[in-house]
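K.L.:
Here's the letter readout for the chains.
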Amino acid sequence: DTAVSQTPKYLVTQMGNDKSIKCEQNLGHDTMYWYKQDSKKFLKIMFSYNNKELIINETVPNRFSPKSPDKAHLNLHINSLELGDSAVYFCASSRSAARTNTEAFFGQGTRLTVV
Amino acid sequence: GDSVTQMEGPVTLSEEAFLTINCTYTATGYPSLFWYVQYPGEGLQLLLKATKADDKGSNKGFEATYRKETTSFHLEKGSVQVSDSAVYFCALSDGQAGTALIFGKGTTLSVSS
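Protein chains in written order, with my numbering: chain A, 1084 to 1198; chain B, 281 to 393.
No wet-lab data here; the hints were simulated from the structure. Since the structure is predicted, the reported quantities are computational estimates derived from the model, not experimental observations. We put the CB at the ideal spot given by N, CA and C, even for glycine. Incorrect hints may appear among the rest.
Unchecked claim - Listed below are the simulated EDC-like cross-link pairs for lysine to aspartate or glutamate, each with C-alpha atoms no more than 20 Å apart in a straight line:
#1 A/1124 with B/295
#2 B/385 with A/1141
#3 B/332 with B/349
#4 A/1127 with B/288
#5 A/1124 with B/322
#6 B/348 with B/364
#7 A/1154 with A/1107
#8 B/357 with B/282
#9 A/1123 with B/288
#10 A/1124 with B/349
Claimed, not checked - Per label pair, the in silico range of CB-to-CB distance:
#11 B/300 with A/1160: 41 to 49 Å
#12 A/1100 with B/347: 43 to 51 Å
#13 A/1091 with B/297: 37 to 45 Å
#14 B/347 with A/1163: 19 to 27 Å
#15 A/1150 with B/285: 39 to 47 Å
#16 B/336 with A/1152: 35 to 43 Å
#17 B/358 with A/1152: 43 to 51 Å
#18 A/1127 with B/325: 13 to 21 Å
#19 A/1150 with B/338: 33 to 41 Å
#20 A/1178 with B/334: 35 to 43 Å
Can you build the whole structure from these sequences, using the hints too?
P.N.:
Right, dumping it as structure tokens:
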């Protein structure tokens, strides 16, 4: 049973296209995240939702739009893809953001390649 | 703001060698500290954690002690195996509402037989 699952695992697309990445968690967690991992493995938080409410919205181009239909799902839609968007995108979840000592559980990642 | 600094890699070791990956942090308050591991082509997995000063986290032969006086959380293993080859990330959580884990830049470990 996969705890945090993302689809697709690989995504190759042309510049200018619009694409979505889906994420689902079956852990009963309240909080979900999107992280971006660049080619040097650096991980940067993009967004965080707690009970479907956006609580973290880092400096990310507004071409990126998260959407949480319910607390078990957090999708990421990207408009007008650019070469620099190529990266691995990780979804993660954790218990309530207000709790301390809470580790995050990560999905397998989506490797996005923009050509 | 809060931050995590890890030693630069890559770290290359022979099997059964001793491993240390240094990690220091800057944070207000009393953060929780974590080590995550990322095997090739996979997501991040929690390796160990410590939630208060002097706590020692341990798992799979890896250990790290939360040192408040030196703001450090160094990862150690007495005898590495080829299967330990991966990228290791130190991270902190300040436990405040609306914050996410803050990661170091990651250290790539390569173990040869």
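K.L.:
Now tell me, hint by hint, if it's right for this structure.
P.N.:
Right, here's what the structure says about each hint:
1. For the given pair, residue 1124 of chain A sits about 24 Å from residue 295 of chain B by alpha-carbon distance, which is inconsistent with the 20 Å threshold.
2. A distance of roughly 18 Å separates the Cα atoms of residue 385 of chain B and residue 1141 of chain A; the hinted pair therefore holds under the 20 Å criterion.
3. The suggested pairing of residue 332 of chain B with residue 349 of chain B holds, with an alpha-carbon distance near 12 Å, which does not exceed 20 Å.
4. With a C-alpha separation of about 18 Å, the suggested pair residue 1127 of chain A and residue 288 of chain B falls inside the 20 Å cut-off, and the hint holds.
5. Simply put, residue 1124 of chain A and residue 322 of chain B have alpha-carbon atoms about 12 Å apart, close enough for the 20 Å limit, and the pair holds.
6. Restraint check for residue 348 of chain B and residue 364 of chain B: the C-alpha separation of about 28 Å exceeds 20 Å, so the hint is violated.
7. About 9 Å separates the Cα atoms of residue 1154 of chain A and residue 1107 of chain A, which keeps this hinted pair within 20 Å; it holds.
8. With a CA separation close to 27 Å, the supplied pair residue 357 of chain B and residue 282 of chain B exceeds the 20 Å bound.
9. Distance check on the hinted pair: residue 1123 of chain A and residue 288 of chain B sit about 11 Å apart at the alpha-carbon level, within 20 Å; holds.
10. Taking the CA atoms of residue 1124 of chain A and residue 349 of chain B, the gap is near 29 Å; set against the 20 Å cutoff, the hint is violated.
11. For the hinted restraint 41 to 49 Å between residue 300 of chain B and residue 1160 of chain A, the CB-CB distance of approximately 42 Å keeps it satisfied.
12. Between residue 1100 of chain A and residue 347 of chain B the beta carbon distance is about 48 Å. The supplied range of 43 to 51 Å therefore holds.
13. Take residue 1091 of chain A and residue 297 of chain B: their Cβ atoms lie about 39 Å apart, and the range 37 to 45 Å holds.
14. Distance hint check: the CB atoms of residue 347 of chain B and residue 1163 of chain A are about 47 Å apart, inconsistent with the given range 19 to 27 Å.
15. For the pair residue 1150 of chain A and residue 285 of chain B, the supplied restraint of 39 to 47 Å is violated, since their beta-carbon distance comes to about 34 Å.
16. About 41 Å separates the C-beta atoms of residue 336 of chain B and residue 1152 of chain A, a value consistent with the hinted range of 35 to 43 Å.
17. Checked against the hint of 43 to 51 Å, the C-beta distance between residue 358 of chain B and residue 1152 of chain A comes to roughly 47 Å, which is consistent with it.
18. In this structure the hint that residue 1127 of chain A and residue 325 of chain B lie 13 to 21 Å apart at CB holds, the actual value being about 19 Å.
19. Checking the proposed 33 to 41 Å range against residue 1150 of chain A and residue 338 of chain B shows it holds: the Cβ atoms sit about 39 Å from each other.
20. Distance hint check: the CB atoms of residue 1178 of chain A and residue 334 of chain B are about 24 Å apart, inconsistent with the given range 35 to 43 Å.
Consistency note: the structure conflicts with the earlier hints numbered 1, 6, 8, 10, 14, 15 and 20.
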